[in-house]
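S.K.: Please take these sequences and the hints and turn them into a complete structure.
Order-wise, the sequence lines are chains A and B. To convert, note that position 134 of the first sequence is 133 in numbering that gives the first Met the number 0; the numbers rise steadily by one, no gaps. To convert, note that position 196 of the second sequence is 195 in numbering that gives the first Met the number 0; the numbers rise steadily by one, no gaps.
Just so you know, these hints were derived from the structure itself, not from any lab. Hints are not guaranteed to be accurate.
When the alpha-carbon atoms are kept at most 30 Å apart in a straight line, the in silico DSSO-like pairs for lysine-lysine are as follows [as the list claims (entries may be wrong)]: (1) A/Lys228 / A/Lys71; (2) B/Lys242 / A/Lys239; (3) B/Lys97 / B/Lys203; (4) B/Lys242 / A/Lys228; (5) B/Lys97 / A/Lys277; (6) B/Lys203 / B/Lys106; (7) A/Lys71 / B/Lys242; (8) A/Lys277 / B/Lys203; (9) B/Lys106 / A/Lys277; (10) A/Lys239 / A/Lys71; (11) A/Lys239 / A/Lys228; (12) B/Lys9 / A/Lys181.
Between beta-carbon pairs, the in silico distance windows are [as the list claims (entries may be wrong)]: (13) B/Arg184 / A/Gln247: 55 to 65 Å; (14) A/Pro52 / B/Arg198: 46 to 56 Å; (15) A/Ala137 / B/Asp64: 24 to 34 Å; (16) A/Met196 / B/Arg184: 34 to 44 Å; (17) A/Met188 / B/Phe283: 27 to 37 Å; (18) A/Met188 / B/His59: 52 to 62 Å; (19) B/Val256 / A/Gly39: 31 to 41 Å; (20) B/Leu259 / A/Gln11: 51 to 61 Å; (21) B/Ala65 / A/Leu262: 34 to 44 Å; (22) A/Thr63 / B/Leu67: 40 to 50 Å.
Built from N, CA and C at the ideal position, the CB exists for glycine as well.
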Amino acid sequence: MARASRFGGSWQAHLILILGVAIFVFPVFVALMGSTYDVGTIARGEMPLRPGPRAIENYSQAWTSGEGTRVKGAAPVRRMLLNSLIMGLVIATGKITISIISAFAVAFFAFPLRMFFFWMIFITLMLPVEVRIIPTYAVISNLGMLNTYQGLIVPLVASATATLILRQFFLTVPDELVDAAKMDGAGPMRFFWSILMPLSTTTIAALFVILFIYGWNQYLWPLLITTSKEMNTIVIGITKMIGVGDAQNDWNLIMATAVMAMLPPVAVVVIMQRWFVKGLVESEK
Amino acid sequence: MTKRSIFNNKVLPYVLLAPQLAITIVFFFWPAGQAVAQSLLRQNPFGTRTAFVWFENFVHVLSDDAYLQAVGNTILFSGAVILLAMGSGLLLAVTADKPIRGAGVYKTLLIWPYAVAPAVAASLWLFIFHPTIGILGRTLNQVGIHWDYTLNGTQALLLVILAAAWKQVSYNFIFFLAGLQSIPRSVLEAASVDGATPRQRFWKVIFPLLSPTTFFLIVVNVIFAFFDTFGVIHSLTRGGPAKATETLIYKVYVDGVVNLDLGGSSAQSVILLLVVITLTAMQFRYIERRVHY
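M.R.: Below, the structure written as structure tokens:
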């Protein structure tokens, strides 16, 4: 009886999981197919669900010009990918750098107003861009940072989440380690570089994955402060290409762009799966 | 909890904190303060005169039919996204937690949509449900269902719900799976020995033990549905047709950035701020509980 139920359960389990995977994969599959046909076939609603003949042409056109018969004024995908890559990498690195030194200060030093500063950082969790749209825009505009990488990146580099996780991790570092370092005559920065950093590599890797995706997938912020097409990130670029969603649009180019927009963050998650899951689950504890 | 062994240095900790605090003050506290201040002010149409109007902007916003419609849309949209994304996430997690062949492969194949930006997810579903060129949109029209999300508000809402939920299932799957794996096997075996059917085992043992995860995910999903779905709505429907998909966050954007109604938009921002504070406080209570027990 046990064997029978296990067999039955397992058969149903595979069915549910395959169905789930299929629902996840289906839209990506359709996008992949769409990126291999010409505009006309798609606009007439005649696109079959098998690879078409124009994959190379579509991808190279999107990559080098980004403009089709209908889509005008879009930046080439290589430019938008570069912008997204810069955003993802610099935001992730910046957040980790700034947070690791803050967490170090809060966890390993005694000084007046320590908890006040810690709470100040913590409370930014409650102030997402959406609740301060116009005043933040005004600050960026006054600082002359509209349409710049600084404007895109600097305001997003503070991180309550990363500071909290790193502080949490630092608190688990045994006191004996600090005592030993002190006894050997190491100052705080020597302790930081030689002992704390090597201990933190897994936590940093995990944070890096989730923060890279956070930076890559930003939407409202780049939409607000970048107007020139050279500064568009790829996620914003797709929306601009879609416009009002006309049937005559260059859907082949839009889908090629969508595929290229998904590939880097999805690859990061799949390749760094172990750190990603750890980073995600730990960050919410 | 503080460490016993600490460094004594008068200046260094402040230097280490300075970059984070500078950004926090310039880009978070100052603008948030401005938003609160502006919510109490009213400018004339030319922006030349500003008057202090107490809570007039709030009264105005809260008695505005368009705002109340946005509240309704947000509740409907968020409720549907959360139910769909959490329900599917739980089903997949419970299934993937079983000792089956290839569980690791399934896991990889189920987590990647987390990395897809909401606006990109929207573009994929748009391509499928486009009324004239989309593979499913076209099919719906052929079988006699008049499908056009650019004209029909209910259909537009369904489409943004689908695109937003599709992207969020992975997140819930990961957390439910982590929650399930932390349930001691002995508890489940004890339930089996006592003759519990698989259904009883789930509802009477597993589901109650998962409740901290479920509660936490509800809060995170509310935040996702309120704020992070802006990209889905902006790229799919722009709040239309006839404001059928205009959520609170989209309305703040439109009133502030497009219609340049500073007072009204700021008042809406402050209302959203109160929502975020409530949600974060709930989340924090959960964290506290987890730390103590």
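S.K.: Okay, which hints does this one fail, numbers in order?
M.R.: none
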